[in-house]
Every structure is written in structure tokens, then in C-alpha cells.
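Undergrad: Below, each chain spelled out in residue letters.
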Amino acid sequence: MDISILALLLILPFIGAIVTLVMGGERQKYAKFVAAAFAAATLVISLYIMFFADYESLGMDVTWITTDLITINFALQVDGLSILMVFLTALLSLLVVIFSASEKDRPNYFHTLVLAMEVGLMGVYMAWDYFLFYVMWELTLIPMYFMISWYGGPRRHYAAIKFFIYTHVASLVMLIGIFAMGFEAMSITGEGMNLSFDVINTVMPLADETFQILVFALLFFGFMVKMPAVPFHTWLPDAHTEAPTGGSVLLAGVMLKMGSYGIIRVCIEALPAGADYWQWVIIGIALLSMIYGAYGCIAQSDLKKMVAFSSISHMGMVMLGIGCGTEAGIMFAVFQMFAHGLITGVLFMVAGMAGHNFGTREIPLLGGIAGRVPIYATFMMIGFMASLGLPGLVGFWGEFPLVFAFYEFIQSEGMLWLILFCLLNLMLTAGYYLWAMQRVLFGPETKKIELDHIHDVSKTEGIAMGVLVGLIALFGVWPDLALSYIGDYTSQLLSMGLII
Amino acid sequence: MIDMSSIFGDFAAIAPLLILMVGALVLPGVHLLGKNKTATWGVAMAFVLVSLAINVIMLLSDNVYVAFDMVSYTPYSGLMILLFQIVLFLAVLVSNSSVETTRIHVGAYYALILGATTGMMFVAESSDLLTIFVGVELTSISSYALVSMKRNDTRASEAAVKYVIIGGMSTALTIYGISMLYGFAGSTNIAEIAYSAGIDGITIPLAVGLICMIAGYGFKIAAVPFHQWAPDVYEGASTPVSMFLATGSKKMGLGVFFQIFLVMFVSGTVCSAIMGPEVQYIFAIIAAITMTVGNVVAIAQTNIKRMLAYSSIAQAGYILIVMAVMSEYALSAGMFHMFTHVFMKGGAFLIVGALICAGLGEKISDYKGLAKRSPFLACSMMLFLFSLAGIPPLAGFTSKFFLFSGAIGSPDGVMYEWVWLAFIAILNSAISLYYYARVVKAMYVEKGTTEEKIKIPKPFLAGIVICLVAVIVLGVYPQLLYGFCESAAAFLI
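The listed protein sequences correspond, in order, to chains C and G.
Residue numbers for the first sequence, in the numbering used here: 28 to 527.
Residue numbers for the second sequence, in the numbering used here: 4 to 496.
A portion of the hints provided could be inaccurate.
[Stated by the list, open to error] Output of the computed footprint for chain C on chain G, the stretches with three or more beta carbons under 8 Å from beta carbons of chain C:
no., region
1, 61 to 74
2, 112 to 126
3, 232 to 244
4, 347 to 361
5, 424 to 434
[Stated by the list, open to error] Selected chain G positions facing chain C (in silico; Cβ < 10 Å):
no., residue
6, 92
7, 378
8, 379
9, 475
10, 479
No lab work stands behind these hints, which were simulated from the structure alone.
Predicted model, so just to flag it, every value in this text is computed and none were measured.
Note that CB positions come from ideal geometry on N, CA and C, so glycine has one too.
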């Protein structure tokens, strides 16, 4: 039994969660240091894996549950698709701990929840067995539920339970798909059921077409709700509006990516016939999410809700790339997942700070505050600009090549008019961001709220956002740093004939 | 390993039962002579533990014993007996410290609860309709008395009366069904009935007989539409007895279904080709309705015991999937789910009982702020409830994983026939999360009226810890029991 270094990425935050859990009473004000230490150690290991180790050979595989029929392995592995997500999880967890350093209400439990989330998320991205994948997938729900219902806004109970049940139903539907794949693979191989990714993802493309189409629908539904795609997005604005800032950052930054990760990892890799059959449905849902999300943004008066809707729109772009089924499409879809993770972190921090520092997130109540909070204004501008795809920042490399990949795809299909939707989306995106920025930061100073008490970014908040902004700029000018990993992965897919 | 037949001779097959029978007869006398409740409790515990130890040894030795050509100890019955013994152990463990059971005649109480368990075990070892009937009646009659024992409580009296009347009706139905089958086949042996049914095909008396049996034993497991008594009885009875009934007596009813119908239609003869599908559909519909009604009605409950009662009904519905699918894989999964259900539902009932001892009410609103008052109890309750809802990595998830997958496929590949049932089961799982999460919310999120710490009796604590460990260990390491479930299923079918 060899334990790979990957297991440390699960064990460290897990220990951290336990340690912070028992730090009650007087010691709870030190919980943040403990949590930061564990999260930082995890980040260091993930960086080591990313840059210094031969990450694809790190897999581990320990037999976990064996019955006469089923073999379940505790298998972990990373590849070009998941390594970026693992890094993003480790990074955002640490930054959330740093950002929330001033949390006063039971800080030890807050950090327990952050680290427990980290365990679940790491598990989802590293799992190499469907059982483990599902277990980890569900594990992320519980800390998030408590994070919203303990630390959230006024309607937190409603939002928490809605989030919990909505996404739980979706993952149960996904579970049926997993069962079906397991049994089908078993009847194809003629051996016992083995739920390992290696087995299922190699065998499933051989299954008959009707089966693939049906199972694709089940799994895709499960992933789509998580992403979330219109029309199954309604849990997201509620969850985000009520969640504490740290929770929103993790939710939008890495948890939504579980959905798109699942679509690529499971739907595309294992069920190519299904992907082929549903291709236009995927593209339709993607375009709908993009446009609807963008229109939704314009209608919002709550800054955080606007950012939540922009997540729907941007995740729609990820789905668009996946829907193309081309190398460029998948490659930049994955890059967009990564880019959106970095950007949305800044956006939610900015939106959340409006609530903490100014006392309101309502855009109409704010105005002309750039002079009073210059650092805040700078971060907000960088975040918004990155999100609308300004060249030189990471968002550009997420969006522009995706539109290009889509263009290539529809050109080959003779449906060139569809590009109008993309253009509409780009316009709307620029529109709502600039308009929101103008109303919040510029113009005459607002008289609707008390401005004497508002304060600028605190030191810890500045560090957290500074790191993200630095990375946004770094990957903006040097996208190849991330694309080289994704390229390895997409060329594998290409060589297996799963994409064109 | 010790061979039990060297100690018990021809009686080896019923050794675990014998111990409990002797216990049931001796205990009233012990209490009469000793006049000490704790001593009586100690003696009862000793009988339970000895019986448990004997059964574990017999189960591990993997032998088949037969006694009087009538009852036989097989891997299947050994496992069922183990389940009943665990339930009995938990119930007896807390009985001496629960305020609900210490004011009653304890000698009779322990005798009845041991007697009821003996009946269940007897059922598990039988392969004849009449011996099954006798065992079920032994359990039922003891349970009527157990429910009514909480004297001076009108709810308990109401529950007992309801239980007796409905139980009597189900008994009448069952015996009528058995007589039809006897008239048809000339035997009450299940295998022989299956054999003659295989020759003669489906006839009206056979169908009527089977339907009567389904209805009669359906009352025992509280399958919808025969479930109305269950919430009243569980609410009215003292909590250890409610736990005993919800986790033990219900499993006996399910065991009866396995022993009668799976033996008849699967390991039986050509019969399965003739009328298997009809019976499968009857069971599938009962399963679907049972889980849906159980879960939907549970949402409306404000009393936690009633909520747990409805959730037991729903859980029985999940296990009835086995009867619809009728495959060996599903049966082993169903048996595993019966075990995990004992621990998670048993644990939840123990917490309710412990809190009653600590002076808390039975309303869900009484649980507000429990996390502050007793972090351990609140955390355990949360884990039990999440396990019941099927959240990984707890035992309830793992067993549901196996059970629901049994409806989707078998070793031969995907079966499209029962996928709809799996869908209903999974939607129900999601519904159940709503009312479980409501209790969790009350405990963790809402503010209570007081922050006074709660102290609970030590035996309750021990019982809860045992259940908690089992729920976690069976969740991450199911082979511990799953292997036994597989060999039991292989033996029965």
C-alpha cells in the first residue's frame, strides 16, 4: 500500500479541520493561524506537485471496499485537467482564511468549515473512482450548508436549505447514472463491477448508443445543476446573496467548477456518443445561460447578486466551449474555469466588502465612493475589467479564444449566425460591469448612506485580493503557464478520438 | 472455534433462542426474589450477552444446524438473529436508566422483551408457514403488552388498543391466507407450496392466499396502506420499546417476506416463470407508495418520535425494493441496509430517549439550541439523521448505494425494468433530507430558550456511542458485515 503525496492534500486540511473544531473557548481567536498554517501547507504541496513533480505519475490506488460483485478503490490521481483545479482549491482556501481573519462570530467553526470544504473539493478533483468521486461530491454540501446557515445573511435558512436540497437531488440523479455505467461496464468486461475511472472511462465508449445517450442525460443533469446552467440556476443567486463572503468565494471559485469538471471528466470522456447526440442541446443551454445570466446582471441592484448572475453567464461560456467538442473548445473551457476561479474570487471579495465596509451592497445607494476608498476602487476596477475580458488580464484568455473556437465550430456547421449571441453576450457583459462600476465608484458622492464610517480595504483583505490580482495579471500575460497543462490533457483526448 | 452441538446437542440450532427463553422464564422470579431493579437488569443483560456470544460463534463457524426437522440455523437466520440481538441489546441496555421504563414491573418487562425477541429469532429459523406464524404471534403478543406497560399514560393506552386491534386483524388475514395455501398445496412448507404451484400454475385460491399474506405481514412492517398504527404506537410507547419495535419487529416482517416470497419465487421452482412478475409488480407498487407516503407525511410532523416513525415506514419502503427486484444482489444489499438502519434509527431513538430522561420534550421545537446544551448529542443526532438521509460517508449512504444499485442492475448488466423504482427511491431520499435537515437546523442554527448543559445517563451514552461507531465504521468499511449479508443471501436464494 503506497500512500501518494496526493493523499496529503486531503489529510492536511482534514487534520486542520479537526484541530480548529476543538479550539473552542479562549483559544478560538488563534484558530485562524492554525487554519492558515494548514491551508498554506496544502498550497505548498499543490505547488510542488504542479511544478516540481511528475504529476501524472503520482496516482495511488488502494482497494477500499470489495464484495462479490463490486470493487471500490480509494484511487487518487491528477492530470492536466484537474491539476489547475487542485491548485485553485488550495489557493482560494488559503485566501479565504486570510480574508476572513477578522471574523468574530465563532471563528474556529468558520475555519473548520473552510478546511472541510477544501477536503471535499480536493477529493472531487483528485478522485479516480466513481464511488469516491460521489462521496466527495456530497461531502462538499455539508460544510457549505452550515456556512450559509451559520454565517449568512437574513434569509440564510431558506437559502441554505434550498442549496442543500437542490444540489442533493441533482447529485442523486447523477448517482443513478453512475450505477448504470457500473453495471453496463460489468456486462461488457464480463468481470466484477469496478468503479474506477480507468475501467469505466475506457469501457463506456464501447457501450451501445442508446445507453450512452440516456446515461449522458442523467449525468449531465447532475453536473449542469451544479454549474449552474439556466433553467436550473435559481439556487445560486440565493445561496450567494446569503452566504458569507468567504463561502461565496469558495462556492463560485471552485465549487461551481465541479460541475464543468464532471462534464468533461465523465460525460465527454466516457460517453462520446451521448456527447455527440446532445451537442446542440448543450450549446443551446450554454447560450441561454450566457445571455440570461448577462441580462440578469443588468437587472440586479445588489452588487453580490450581480456577481452571482455573472457567474452563471461565465459558466455558460465554459459549457459553450465544451459543447463545441473541439480541441480549442475544451482547452479554453478549462482555461476559463481556471480564470473565472481567480477573477470571481476578487469579485465576491469586493462585493462582500461593500456589505461589511459600507453597510450596504445596494448599487443605487452607493455612488462616488472612489475618492474615499481608493484601494477598494482599484481592486474593483481590476476585477471587473478582468471579468469582462480586457486583454492583458486572465479573463481575456478565457473568453476571446472560446468565442473563436465557437466561431470555428459553427462555421464548419454552417450556422454562423449563432455568433450573434456571443457578441450580444460580450456587449452585455461590458455593459453591466461598466454601468455598475460607474454607479458605485464615480459620479457625485452618495448622500443616501453615512459615509463617515466607511473604511477602506484592511490589511488581510488587501493581501488576499492582492495575490489574486497578481495572478490575474500573471496568467494574463503568460497564459501558457496554465495552458501547457491543459494542452497535455486535450492532446490525450484528441489521441483517443474523443474530440476533434 | 467451539462447535455448539457439543454443548447443546440436538438443540444447537436453537441455542441462542434457548438462552433467551430461559431468561424470559427466570427473570420475573429473579425480580421477585431480589427486589432490585438494577440486579434484574444485570441478569437480563447477562442473558442477552451470552445469547449474543453464542450466536456470533455459530455465525463465524459457518455451520448449518437443524433441530426437530422444523427449524434450522443457516447463515441467513444467523445473521437475522444477530440483528435482533443487537436491537435487544440496545433496548435492554438503556431500560434500567430510562425514566420511562423504570416505574413499570421490570421483571415482566424484561421477560416480555426477551420473549418478543425469541419470537423473531424463531421466525428467522423457520421454513414453514405455521412456524413462522407462531413466531410472529409470540412477538406480536409480547409487543402489545410492552406498549401498554407505560401505565397512567393515555397515549400509551390508546396506542396499545390500536396495536392490538390492528394486529389481531392482520393475524386473521394471515391465518386465512395460510389456510388457503394449505388447501391449495396440501402443505404449509414453503418449498412444497412453491413446488405444487409450479405444477398447477396460478389459481385463484393461490392468488388470494398470497395477497392475504402480503396484507397480513404488510401490517407488521407498516407498509402503506397498512401503516396507520405505527406512528401512534411509536409515539405512545416508551422510547426503548419504540426503538425495539421500529428497528426489530419491522425487520422480522421484512424477513418473513424474504423467507416466503423469495424462496417461493426465486429459489422455488418453475413458479417464478408463471407468476413472478405479478407479485414483483405488487411489491414494487407497495414499495413506491410506502416510501413516498412515509417521507411526505414525515415532513408534516412536529413530534420527533412520529417523524422517526414515518421515516421508518419510508425506510421499510426502500427495503421492499428487494421484493420487487428479487435478485440475490438486491437481497444482500437489503440485509445490509437493515443492519445500518438498526444503528442509525436505533441511535436516533436512543438520543430521543436520553433527552426525555434529561427533561426535554418530544417536539422538534424542543431541540432548539441543542448544539449549545450538548454538543455531543447534537452532533450524533446530526450524523444519524444525515446517515438516514444517505449522505456519504455514513453507513446509510453505503447501504443505500448498494440497495438502489440493486434496482438498476444485476450481475447480468443494466435492468431497465426497475429503473423507475430507483428513481422514486432517490427522489424520496431527497425529500427525506428536508425533514432531517429541519431537525439539524433546530439543533444547530436556532437559538434555544436556555443554555443549561444536559446530562444523560451513562448507559444511554454507551448505546449512542456504539451506534455512532457502527454508523461511521460501516460507512467507510462495509465489508465488515457485507460479506455475511452476501453469504446469507446466497443461502436463502
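Undergrad: Hint by hint, note whether the structure agrees.
TA: Hints, one by one, checked against the model:
| no. | hint | result |
| --- | --- | --- |
| 1 | 61 to 74 | violated (count 0) |
| 2 | 112 to 126 | violated (count 0) |
| 3 | 232 to 244 | violated (count 0) |
| 4 | 347 to 361 | violated (count 0) |
| 5 | 424 to 434 | holds (count 6) |
| 6 | 92 | violated, 26 Å |
| 7 | 378 | holds, 9 Å |
| 8 | 379 | violated, 12 Å |
| 9 | 475 | violated, 13 Å |
| 10 | 479 | holds, 8 Å |
The structure fails hints 1, 2, 3, 4, 6, 8 and 9 (numbered hints given earlier, in ascending order).
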